[in-house]
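**Student:** Each chain, letter by letter, is given below.
Number of protein chains: 2
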Amino acid sequence: MMGPMERRSLLRGLGGGLALTAGLAGRTARAEAPTPAPAFALADATARFDCDLATPARPLRHPWRTCVGSCHAPTALRADWQRQIARARAELGFAHVRFHGLLSDDMGTVLVLDDQLVYSFLNIDRVFDFLRSIGMRPVVELSFMPAALASGGDTVFRYRGNVTPPRRMEDWSRLVSTLVGHWVERYGLDEVARWPLEVWNEPNLRAFWTGGQAAYFDLYQASWNPVKAISPRLQVGGPATAANAWLPEFVAWSERNACPPDFLSTHYYPTDAFGNEHSDTVSQLAAAPLSVMRDRAREARAAAGARPLYYTEWNITSNSRDEMHDGPFCAALATRFALDVDDLVDAASWWTFSDIFEENWLPSRPFHGGFGLLTLHDIAKPVYRGFELVARLGSRAWTVAGAHPTVAAWVGGGEDARSSAVLVSNVAMPRHEIRAERVAVRLSGLAGRRPRAATVTRIDESHANPRAAWHAMGSPDYPLPRQVDALQAASALAGEPIGVAGDGATADVVLALPPNAIALVEIDWAA
Amino acid sequence: MMGPMERRSLLRGLGGGLALTAGLAGRTARAEAPTPAPAFALADATARFDCDLATPARPLRHPWRTCVGSCHAPTALRADWQRQIARARAELGFAHVRFHGLLSDDMGTVLVLDDQLVYSFLNIDRVFDFLRSIGMRPVVELSFMPAALASGGDTVFRYRGNVTPPRRMEDWSRLVSTLVGHWVERYGLDEVARWPLEVWNEPNLRAFWTGGQAAYFDLYQASWNPVKAISPRLQVGGPATAANAWLPEFVAWSERNACPPDFLSTHYYPTDAFGNEHSDTVSQLAAAPLSVMRDRAREARAAAGARPLYYTEWNITSNSRDEMHDGPFCAALATRFALDVDDLVDAASWWTFSDIFEENWLPSRPFHGGFGLLTLHDIAKPVYRGFELVARLGSRAWTVAGAHPTVAAWVGGGEDARSSAVLVSNVAMPRHEIRAERVAVRLSGLAGRRPRAATVTRIDESHANPRAAWHAMGSPDYPLPRQVDALQAASALAGEPIGVAGDGATADVVLALPPNAIALVEIDWAA
Chain F
30 MMGPMERRSL
40 LRGLGGGLAL
50 TAGLAGRTAR
60 AEAPTPAPAF
70 ALADATARFD
80 CDLATPARPL
90 RHPWRTCVGS
100 CHAPTALRAD
110 WQRQIARARA
120 ELGFAHVRFH
130 GLLSDDMGTV
140 LVLDDQLVYS
150 FLNIDRVFDF
160 LRSIGMRPVV
170 ELSFMPAALA
180 SGGDTVFRYR
190 GNVTPPRRME
200 DWSRLVSTLV
210 GHWVERYGLD
220 EVARWPLEVW
230 NEPNLRAFWT
240 GGQAAYFDLY
250 QASWNPVKAI
260 SPRLQVGGPA
270 TAANAWLPEF
280 VAWSERNACP
290 PDFLSTHYYP
300 TDAFGNEHSD
310 TVSQLAAAPL
320 SVMRDRAREA
330 RAAAGARPLY
340 YTEWNITSNS
350 RDEMHDGPFC
360 AALATRFALD
370 VDDLVDAASW
380 WTFSDIFEEN
390 WLPSRPFHGG
400 FGLLTLHDIA
410 KPVYRGFELV
420 ARLGSRAWTV
430 AGAHPTVAAW
440 VGGGEDARSS
450 AVLVSNVAMP
460 RHEIRAERVA
470 VRLSGLAGRR
480 PRAATVTRID
490 ESHANPRAAW
500 HAMGSPDYPL
510 PRQVDALQAA
520 SALAGEPIGV
530 AGDGATADVV
540 LALPPNAIAL
550 VEIDWAA
Chain G
30 MMGPMERRSL
40 LRGLGGGLAL
50 TAGLAGRTAR
60 AEAPTPAPAF
70 ALADATARFD
80 CDLATPARPL
90 RHPWRTCVGS
100 CHAPTALRAD
110 WQRQIARARA
120 ELGFAHVRFH
130 GLLSDDMGTV
140 LVLDDQLVYS
150 FLNIDRVFDF
160 LRSIGMRPVV
170 ELSFMPAALA
180 SGGDTVFRYR
190 GNVTPPRRME
200 DWSRLVSTLV
210 GHWVERYGLD
220 EVARWPLEVW
230 NEPNLRAFWT
240 GGQAAYFDLY
250 QASWNPVKAI
260 SPRLQVGGPA
270 TAANAWLPEF
280 VAWSERNACP
290 PDFLSTHYYP
300 TDAFGNEHSD
310 TVSQLAAAPL
320 SVMRDRAREA
330 RAAAGARPLY
340 YTEWNITSNS
350 RDEMHDGPFC
360 AALATRFALD
370 VDDLVDAASW
380 WTFSDIFEEN
390 WLPSRPFHGG
400 FGLLTLHDIA
410 KPVYRGFELV
420 ARLGSRAWTV
430 AGAHPTVAAW
440 VGGGEDARSS
450 AVLVSNVAMP
460 RHEIRAERVA
470 VRLSGLAGRR
480 PRAATVTRID
490 ESHANPRAAW
500 HAMGSPDYPL
510 PRQVDALQAA
520 SALAGEPIGV
530 AGDGATADVV
540 LALPPNAIAL
550 VEIDWAA
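The listed protein sequences derive, respectively, from chains F and G. If you want the working numbering, it's the position in the first sequence, counting the first as 1, plus 29. If you want the working numbering, it's the position in the second sequence, counting the first as 1, plus 29.
The following block holds chain F by itself, in its conformation from the complex (with noise of 0.2 angstroms):
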């Protein structure tokens, strides 16, 4: 397993021998050529921005990094799941994740034995060891209800997790404060105080919860009461709804009632409001602005006030079988939408990072348009690229000024001045107009530096897209080792030189961007 640094030294290196393809230029830059000249005269530009690196920086929180979402529980048992979170958490940089179903029957937590409860932590143990060895943690998402302890049948999901209220409201509070007692007996009060305790899933959704606002909100109540017994510093909230929903009634009844959230929890996606409920994916998606998901987390801010804000789930639509999150689309949609909440939320966890998911059934092609960010395969889709991408812009953003209908443009940088990034994608919602562009990005306040060196790193449906060298290959359902391997080398980003022209005042990044395209420059400063 490489870290992000290690990896991005090693493309770099293996760069060299492969071709860039600039999308309107249509020219062959080499690595072994000298320093290629930009491929469109500055006064060709179709989109233009300009940064000024004088003014001061703002910090770049990375909130995608803090938590990623996951299939349900039982699945964090298996070995091809763990090998991909280990892989995501050294390559990423993911701190948390969270899934459904920890209390679920197929977890074993609880069950009636001889009419007593009897609990069993040994699975939910086995899990979150793990993730403590490879220095990540749970975002504790309290679901589903055992039967020992439920009201009724109702089910959700081809795994059954029970969506009803418990018969008995102690029972729930001794469950939970059963379990995380022994949480904090196992691995002490300082570390658990670090694990967000998020009542419930989605129980705005009848699908997902069949008692109603009011049940709910007893549920989460019955939930903060045993948690605070244990620690006022555990971290218990809510009220995880699906789209944005009951963030102010949560907050209200919660501090009326002596239980207020230590966090709110809500989930977006930009499927969920637009057209007709009814309607595909792609006209829901096409209906959205660009800017819905910057939209619904500055309300969702304004509900939250001071407390940290966490989506525990997003993605660039909610259906689990779109073909769209397998291409160079989602990495360019997905990536402006990460950019563009990063002042607003403390957490934004793409659902989900990998395709081991089971919630309907579990498909054996390596592209059936599933949510992770690594295929069955471990192949890294282009949005995994593209996350690592934007984590490659550094600690710090500076202001953008420009404005243009496809692209955006981000400049960042790490804690020294000895190197900035400048990422710029171009993209659009599905049926709305897109062509190719030809990108400046105008950089001042340069204080003397001038470029010593430059490289790009593009992700489009040439670059880092291990899906069109699987159909090259014939599509096959069960790849062979040997195709696995091949997938992964199409699925690397693959650094190239570029001509970056500066006076030690202003210096110019200047590239065509194709449709559904990303493409991060990344440029050494000579003092």
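Keep in mind the hints are simulated off the structure, nothing from the lab. Where a beta carbon is used, it is the ideal one built from N, C-alpha and C, also for glycine. Each hint should be verified, as a subset may be incorrect.
Partial list, computed: chain F residues near chain G (C-beta under 10 angstroms) [unchecked claim]:
id : residue
1  : 135
2  : 149
3  : 159
4  : 160
5  : 214
6  : 392
7  : 510
Among chain G residues calculated to face chain F with C-beta under 7 angstroms, some are [what the hints assert, rightly or not]:
id : residue
8  : 137
9  : 140
10 : 151
11 : 391
12 : 392
13 : 393
Pulled from the structure, derived: some chain F residues nowhere near chain G, Cβ distances all over 10 angstroms [to be verified]:
id : residue
14 : 184
15 : 352
16 : 393
17 : 443
Put chain G on the given structure of chain F with help from the hints.
**Tutor:** Just chain G, lined up with the frame of chain F:
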């Protein structure tokens, strides 16, 4: 992961510092001390055996090593399952593993989408890829019925394996054909021809099969036909019955119907047939003779004729919560049973290798009486160590003369004459008289060989008995990592020097054996 031989050397090396408590003699020997004198005078022996090493040896076939059982297929995706079986493979040499439920819905093997049957073999591939990666192979149990094919809703176990015949037998045949064809494509015919394909599990029990014998025979034929259509080299067998049932009928029917089995399989637990069906495990076991496994194996061998005979399940009891499984009694009884059928059966698959077992529910307690050779926390139980000692008998055995109500002795060795191994056990069924014994085994026909050195390795209440260590630490339900380490240490085998007197013609192994104990004496010969 150590191989058995490295482990053996290591343990011998470590043995030096450990005290040996000989049950009867009550004295302490230390490895640093000169080779100790025998624990008692030869004339005081209470159990005597003789073995002439000048007679021809018979092969020691170790059918217990051919296959081992496991909980149902989805557990084979777990990281802890994979870690444990890789260890058992490396240390004990298991060649195959068998489990229920390969075709069940929780493996996602087949489902109906838009009125079409859809196959998905990802999970199965993942399990078998893993097994091949550690040099193991499956015994493929074709079970249970996918809901998409089932004629009814009857299920078995907490994990709800569907036990009804297929609604349309041709759908079953097509599934078998598609799946086995997929394996041949993925792994090659030479490989798949080494996987016994066993049709169903215990169809003679209504809990596992609602169709009765005639429907089972149909299912077998509907499996045999498509497999043999792929290649006659593939091995299909059955009837996989509980308790030695249906063997002659199955052979007669299948020969009459032109689908003769490539192997015969059945199960036997010594609790199967004795005492009242509703009596407790101890009563059932108490009613069985010590020869029960050999008696049944003889009958099954008669039915099998020259065909391979696989006991695809056995254990000392069929009770999944039986404290006997965790202690030295199990090691003494299981090793006796294993050696008793060595010349009669071609596989005797211990049910199961691990306590990671969720047929009823998965407890957290380290010692809960599960079937496993290894506990939930990877601790080798005495029976695991017992099989380790049986393996160390080597590949050849010599006839041992002598009889005793509770003590038995075996003499083995490898392919050369440089060492011999003497295994002795002292065990009785529950409620039968047993006492500490003074055992003497006289080896003759030595052709000038004299003992150069000898070690004894014991399994009894105070040797290789981690449950006793767990009790001593207060029986924690959730042992902490340091406690797990202590249990690992307590589970280790420790060889101690033992004096063996010899004059080049004969040599005498004499040692005290407490009840429910085994000991292996390994002698290096000087020419």
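**Student:** The hint names residue 391 of chain G as touching chain F; please verify it with the least Cβ-Cβ distance against 7 angstroms.
**Tutor:** holds (4 angstroms)
**Student:** Taking the closest Cβ pair, is residue 392 of chain F under 10 angstroms from chain G?
**Tutor:** holds (5 angstroms)
**Student:** Once the closest CB in chain G is found, is it more than 10 angstroms from residue 184 of chain F?
**Tutor:** The assertion about residue 184 of chain F holds, with a minimum of 13 angstroms to chain G.
**Student:** Hey, does the residue 140 of chain G contact hint survive, CB to chain F under 7 angstroms?
**Tutor:** Because about 5 angstroms separates residue 140 of chain G from the closest Cβ in chain F, which is inside the 7 angstroms limit, the hint holds.
**Student:** Does residue 510 of chain F meet its interface restraint, that is, does its C-beta lie within less than 10 angstroms of any C-beta in chain G?
**Tutor:** holds (9 angstroms)
**Student:** Taking 10 angstroms as the limit, does the beta-carbon of residue 159 of chain F come near enough to a beta-carbon in chain G?
**Tutor:** Residue 159 of chain F check passes; min Cβ-Cβ to chain G is 7 angstroms, inside 10 angstroms.
**Student:** So, as I understand it, the hint says residue 160 of chain F touches chain G; can you test that by seeing if any CB pair is closer than 10 angstroms?
**Tutor:** violated (12 angstroms)
**Student:** Measuring from the C-beta of residue 214 of chain F to each C-beta in chain G, is the shortest one below 10 angstroms?
**Tutor:** holds (8 angstroms)
**Student:** Tell me if the interface restraint on residue 149 of chain F is satisfied: Cβ within less than 10 angstroms of some Cβ in chain G.
**Tutor:** With a closest approach of 5 angstroms, the residue 149 of chain F hint holds.
**Student:** Please confirm whether residue 443 of chain F is truly not at the interface, meaning its C-beta sits more than 10 angstroms away from all C-beta atoms of chain G.
**Tutor:** The assertion about residue 443 of chain F holds, with a minimum of 36 angstroms to chain G.
**Student:** At a threshold of 10 angstroms, is the proposed contact between residue 135 of chain F and chain G supported by beta-carbon distances?
**Tutor:** holds (8 angstroms)
**Student:** Hold the hint about residue 137 of chain G up to the distance rule: shortest CB distance to chain F must be less than 7 angstroms.
**Tutor:** Holds - the Cβ of residue 137 of chain G comes within 7 angstroms of chain F, reaching about 4 angstroms at its closest.
Checked against the numbered hints above, the structure violates hints 4, 16; every other hint is satisfied.
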